[in-house]
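So the protein sequences, as listed, match chains C and Z.
Residues in the first sequence are numbered from 0 upward in steps of one, following numbering that gives the first Met the number 0.
Residues in the second sequence are numbered from 0 upward in steps of one, following numbering that gives the first Met the number 0.
Accuracy of the hints is not assured; some may be wrong.
[To be verified] Covered stretches of chain Z (in silico footprint by chain C; criterion: 3 or more residues with CB under 8 Å from a CB of chain C, positions within the stretch not fixed): (1) 122-132; (2) 147-156.
[Claimed, not checked] Computed beta-carbon distance windows for the label pairs: (3) Z:Phe-131 to C:Pro-104: 13 to 23 Å; (4) Z:Trp-29 to C:Pro-31: 33 to 43 Å; (5) C:Asp-164 to Z:Trp-140: 31 to 41 Å; (6) C:Ser-347 to Z:Phe-131: 50 to 60 Å; (7) Z:Leu-91 to C:Asp-164: 33 to 43 Å; (8) C:Arg-48 to Z:Ala-129: 40 to 50 Å; (9) C:Val-60 to Z:Gly-79: 54 to 64 Å; (10) Z:Pro-137 to C:Gln-114: 22 to 32 Å; (11) Z:Ser-3 to C:Arg-128: 51 to 61 Å.
Quick caveat, the hints were computed from the structure, so don't treat them as lab data.
Being a predicted model, the structure only gives us computed values, none of them experimental.
Backbone N, C-alpha and C define an ideal beta-carbon position, used for all residues, glycine too.
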Amino acid sequence: MALHIQFQQHKPMSLQGQFSCEAGQLLALVGPSGAGKSSILRLLAGLMRPAHGRIEVGGQVWLDTAKGIFQTPQQRRVGLVFQNYALMPHLSAAANVALALQHLPKSERIIEAVQWLKRVRLSSDESMRRPAQLSGGQQQRVALARALAREPQLLLLDEPFSAVDQMNRESLYRLLAELRTDLNIPIVLVTHDLNEARMLCDKLVVLDQGDVLQEGPAFEVHRRPRNSRVADLVGIQNRFYGAWMGPSETPGLGVLQWTRSLDTQQVTSQNSLQLRTRDKGKIPPGFPVNWVVHADGLALKPEGYNLQRDGFILLPVHVVGHRDLGELSLIDLSMDVAPCEVLKMAVSGAQRLGLKTGARGVVEMDLGLIHIMPKKPHPELAQMRR
Amino acid sequence: MDWSAFSLSIQLAFGTLLVLLPMGLLVGRWLARTQFKGRAWLEAAILLPLVLPPTVMGYYLLVVVGGGSPVGQWLQNTWGVSLAFNFSGLLLASVLFNIPFMFQPIQRAFESIPNNLNEAAQVSGLSRWAIFTTVELPLAWPGIVSAMVLTFVHTLGEFGVVLMIGGSIPGETRTLAISIYDSVQSFDLQAAHQMSLALLIFSLVAVATSLLLSGRRMRTVKRAV
């Protein structure tokens, strides 16, 4: 029951890329406003036809522009929860769900609809109310029940959590987790909330200006973003400039020079900090790079900590900024060796209590969690990839 | 009270409704959902009867379908039909003159239905016809009723165009409005008063009902968005 989609068009808006999602997997489409997230959902639902493309769900071809195949939304078994739910205002909750039960005889539709509403925890009394008489969270459950009542082969959720409060959101997260195991179909979720995407999804698809920039498990995309744009879009805090200096004296390790800009001419004069990190032999020496270090690769230690370990570097720091976010704090740290660079970390628990501006400490950076991205694909690199 | 004029006006109003309603539903819905070049011209043409003096329209109708015109002669020779100074001509004039009263409210009613409701219905598996009958028609219904009421009342009150194309033949083309005019001309103020008052009350009730329904529609649609 896997989903495979590929698409390409230039007008009326540019869209291109491909991705796939297995049955039982939850895939999140993330990207800034106007990145084309909702358009891709519309392609999947059959509400929009791309200039070129192919969509296959569970072995059935829903769209193949090369062969002239296009299944209408009515022919595809797809459930779609709209951003503002799109419930019929003149119909009761049960009648809204019954709309998606066209395959049943008329007399059975309402009974079945009430059953579906019970599954999303709406009482029989609430089922008879019109959408305007229900709360936002209840309306969303009705929309979800309507999408599920069609017994879809693919479930699409367009920013379903954006209009409900935190408490409702938590219970809807739980509901979605339950449904995911019960349904065993691909689920595609559009969201602009990266935490939500990380928490709920098995797979991320990062979109920008209609292009699929990267597809992969959320953990993988965060740890190894394909380029600096992906790193920014998925909210990686610690992204820096550098220059790849080539292999070091230790086999398997190379030298990353930390720079203030991508201008490699300034490498020697600007900064003396060099990091020894894994050398994959793919980047030519002297090539400008962006690099990121995953949050898991940073640990804040007390001042004076000096336990040197292989594969780690100790950086004396002091706090230059501090934001309290309830149960955790976001802190900005300035390094003694590179005062202009700021490391950002989230700290929680007892550790954050003494952290005020000016407080000193040591950051232990795991060099194995540094990921290096060439500024732009080098011709030699492009050739190697081919 | 000129009952034959009253009955003729009612017949004309129902006849106009019967012809215009299906056209209004088709064209109003089409205009609400479709963008195309020249749309502004078409909408202007639909609105034209609102701004044109009724006598101008009546005059052109007489010129086009009158017995002396090529169209009038063709109608007479081929079908044996004459459209000047009879009920059929009156009906044609009334239909044309009421186009904006029927088309505009229906178009606005369909326009006010959020597009995602239509899309949600498609994704739920509803056919185009089922979407029209179960989603669009119920949501546009108050607007459609407004259009029907306005057209009906407007037909009862028509004067200029009716006089131009139909004259004042009792039982054939003398409508209530013409009859009021004739009564005043012949100093039968009592009859003029009765008919005027009846028309006034009827129109007031109809327009108020239509406004009430439009208000309710607005509230329903606002809740939907």
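Consistency of the hints with the structure:
With 6 residues bearing a CB less than 8 Å from a CB of chain C, the stretch 122-132 of chain Z meets the requirement of three and the coverage assertion stands. By the rule of at least three residues with a Cβ nearer than 8 Å to a Cβ of chain C, the coverage given for the stretch 147-156 of chain Z is violated, with 0 such residues. Between Phe-131 (chain Z) and Pro-104 (chain C) the Cβ separation comes to about 22 Å, which falls inside the hinted range of 13 to 23 Å. Checked against the hint of 33 to 43 Å, the C-beta distance between Trp-29 (chain Z) and Pro-31 (chain C) comes to roughly 36 Å, which is consistent with it.
Our hint of 31 to 41 Å for Asp-164 (chain C) and Trp-140 (chain Z) holds, since their Cβ atoms are close to 34 Å apart. Roughly 56 Å separates the CB atoms of Ser-347 (chain C) and Phe-131 (chain Z), a value that falls within the hinted 50 to 60 Å. For Leu-91 (chain Z) and Asp-164 (chain C), the Cβ-Cβ distance of about 60 Å falls outside the hinted range of 33 to 43 Å, so the restraint is violated. Checked against the hint of 40 to 50 Å, the C-beta distance between Arg-48 (chain C) and Ala-129 (chain Z) comes to roughly 22 Å, which is inconsistent with it.
Range check, Val-60 (chain C) to Gly-79 (chain Z): about 59 Å between beta-carbon atoms, so the 54 to 64 Å window is met. Distance hint for Pro-137 (chain Z) and Gln-114 (chain C): a CB-CB separation of about 25 Å, consistent with the stated range 22 to 32 Å. Distance hint check: the CB atoms of Ser-3 (chain Z) and Arg-128 (chain C) are about 53 Å apart, consistent with the given range 51 to 61 Å.
Of the numbered hints stated above, those contradicted by the structure are hints 2, 7, 8, listed in ascending order.
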